[in-house]
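Full structure from sequences and hints, please.
There are 2 protein chains.
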Amino acid sequence: MPASGRQRKWIIGIDLGGSHFSVGLVSTSGALQSVQRHRVAVADGPAAIIDQMREVIFAQLDSQGLTRTDVLAVGIGSPGPFDRKAGVIIESYNLQWFDVPLVKMLRERVGMDVVLDGDAISATYGEWWAGVGRGSRHMVGLTLGTGVGGGLIINGAVYYGCSDLAGHFGHMIIEANGRVCSCGNQGCLEAYASASAIVGRALEKPKELRRSQAWKEIAGESHRLTAKVLYQWARRGDGFARALFEETGRYLGTGLAGIIHTVNPEIIVVGGAVAKAGNLLLTPARQEAGRRAFKSAFRRTRIVRASLAENAGVIGAAGLAQCHFGNQRPGAM
Amino acid sequence: MPASGRQRKWIIGIDLGGSHFSVGLVSTSGALQSVQRHRVAVADGPAAIIDQMREVIFAQLDSQGLTRTDVLAVGIGSPGPFDRKAGVIIESYNLQWFDVPLVKMLRERVGMDVVLDGDAISATYGEWWAGVGRGSRHMVGLTLGTGVGGGLIINGAVYYGCSDLAGHFGHMIIEANGRVCSCGNQGCLEAYASASAIVGRALEKPKELRRSQAWKEIAGESHRLTAKVLYQWARRGDGFARALFEETGRYLGTGLAGIIHTVNPEIIVVGGAVAKAGNLLLTPARQEAGRRAFKSAFRRTRIVRASLAENAGVIGAAGLAQCHFGNQRPGAM
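Read top to bottom, the protein sequences are chains A and B.
The first sequence maps to residues 1 to 333 in our numbering.
The second sequence maps to residues 1 to 333 in our numbering.
Bear in mind the hints are in silico, worked out from the structure with no lab data behind them.
Fair warning: there could be bad hints in the mix.
[As the list claims (entries may be wrong)] Chain A stretches covered by chain B per the calculated footprint, using a threshold of three residues with CB under 8 Å from any CB of chain B:
1) 13–26
2) 66–79
3) 160–168
4) 280–286
5) 314–322
[As the list claims (entries may be wrong)] Here are the simulated lysine to aspartate or glutamate pairs, EDC-like style, with alpha carbons at most 16 Å apart:
6) B/K228 <-> B/D238
7) B/K85 <-> B/E55
8) B/K295 <-> A/E204
9) A/K295 <-> B/D83
All values derive from a computational prediction rather than experimental measurement.
Glycine included, each C-beta is placed from N, C-alpha and C at the ideal position.
As structure tokens, then:
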């Protein structure tokens, strides 16, 4: 039975990265039915890539016996900078996209409503809607990946700020004269707690690094050093790698204390690839935040690992599309 | 003509400090009609002080030919910690008050509705309602005094967070291993930009301080050194004092960059006694924030000096009472 407007029960979520995109079919209650990941052929240019998105969307609908009329809307989570309201990717050096009207181009290809939002905001919203943040009123989401992204839910709705730049917790300054960040500023949380910062900090201690097991694994080729190699060795008990993750956790906890004092959220959800280190990172982070923050605020803030792993972005992008087009959830502010 | 419930056009605002309280008569549109400041006789205990508040309230009403029935409600802005919902001052070492049910005690004495809120939140709300923040949607207020207080307006309403501790921007950490703060934590903005921190930082440079004009003014008695003496000499061109305020401005700007990246407000209003230093402080603060923050966010955020001076707290406390009892303004979240 083809669904009428009121019966559209499915939403498409797309998580757009620098080298891959993922397309998921999500129910209006936040359940992920299916998800597919595709490598982007950058050289083919935006039109070809957006054609590919269309193909993946319809292939997924077909496989579930669904059609376009079953779908409420499509939500895309993308790295910045982009113009959310215009639906335009302003620049992506990874994709080599500049001023690409992604929303318009995809809408024309699929004949569905499309909305664009941030990747970290989508992941945050996903965890709030269908993950570990469910039921909370005020939530902060952090995505520790190549950079440190963030999102902010206030009163059960995404808080965007006056120019769509709220929630960039990765660029809170925790060391006024500290490490240089990818944004050019000094001492940002991102310059300590992102995957690239963890590798950078390891390389800044060459003597200790050379004595670690991680160094042996990469046969002394520093370009092969990754945060993943380091946390795997931390997990296996390598002293250098363990100390590095403990220190990372303390920096993260310093940022968390600032978040607790300013946003006073019920829950802070930590996701992204670096969060796979789990308690190697979160235990020292909680200790440091507890040491630094007002006890009365710290006690009320749960600091937890994200629960939807790499699907948070797809689910959240779908949820934000439902916010935007479905009027079934609190609208965004 | 005695006013009926619907015609109550006046609100009482009280700004409670550690040594003084101020009582103001404020119109429901935010105009301050009169204000009186009184020294608190701490030794007399809470009941006597609250009796005095009642006397000042009725003296002010009398002087304007008004009675209790002209008053919508009383709002009190107080330093923490307090229980906003219960209306109880939990502890004030300055006042020697512990678990004082201020709201109940004052309500019984004046026969009017009373509500309690934070001093920095009241000052922030005052600037938003009737001061330089008027008409903005998302605003941050900072009060640079003995400490650094803050308040957060989101979507035109005070944002309290999950346990009434949001907006403590003074306890964002800007130097992970920096100066010890009054809260026991290290490297808080308050440990650099409060009046006491400015004095402390001056005393940490004894050689330069001794060569400054400020040192001559206080005849080398370091306990007489105040932020006021220092900014007056900064204004007169004393090199040491100027450099100190420039450095203070840079620390403040570091905190402002963090606020811009996380809250992305339209306007940040800087008040409190230290803000009297004006552009000696705000020019380097704006420069530092501009150097550190995303250009697109910085361009959209005005950083301005508070406009209501020491009356912001009284006016804001009255405004919050109107929020609470009058339903004439957006309610608080």
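Evaluated hints:
1. 13–26: violated (count 0)
2. 66–79: violated (count 0)
3. 160–168: Result for this restraint: holds, n = 9.
4. 280–286: violated (count 0)
5. 314–322: Contact hint for the region 314–322 of chain A vs chain B: violated, 0 residues under 8 Å.
6. B/K228 <-> B/D238: Distance of about 13 Å is within 16 Å: holds.
7. B/K85 <-> B/E55: violated (25 Å)
8. B/K295 <-> A/E204: violated (30 Å)
9. A/K295 <-> B/D83: holds (15 Å)
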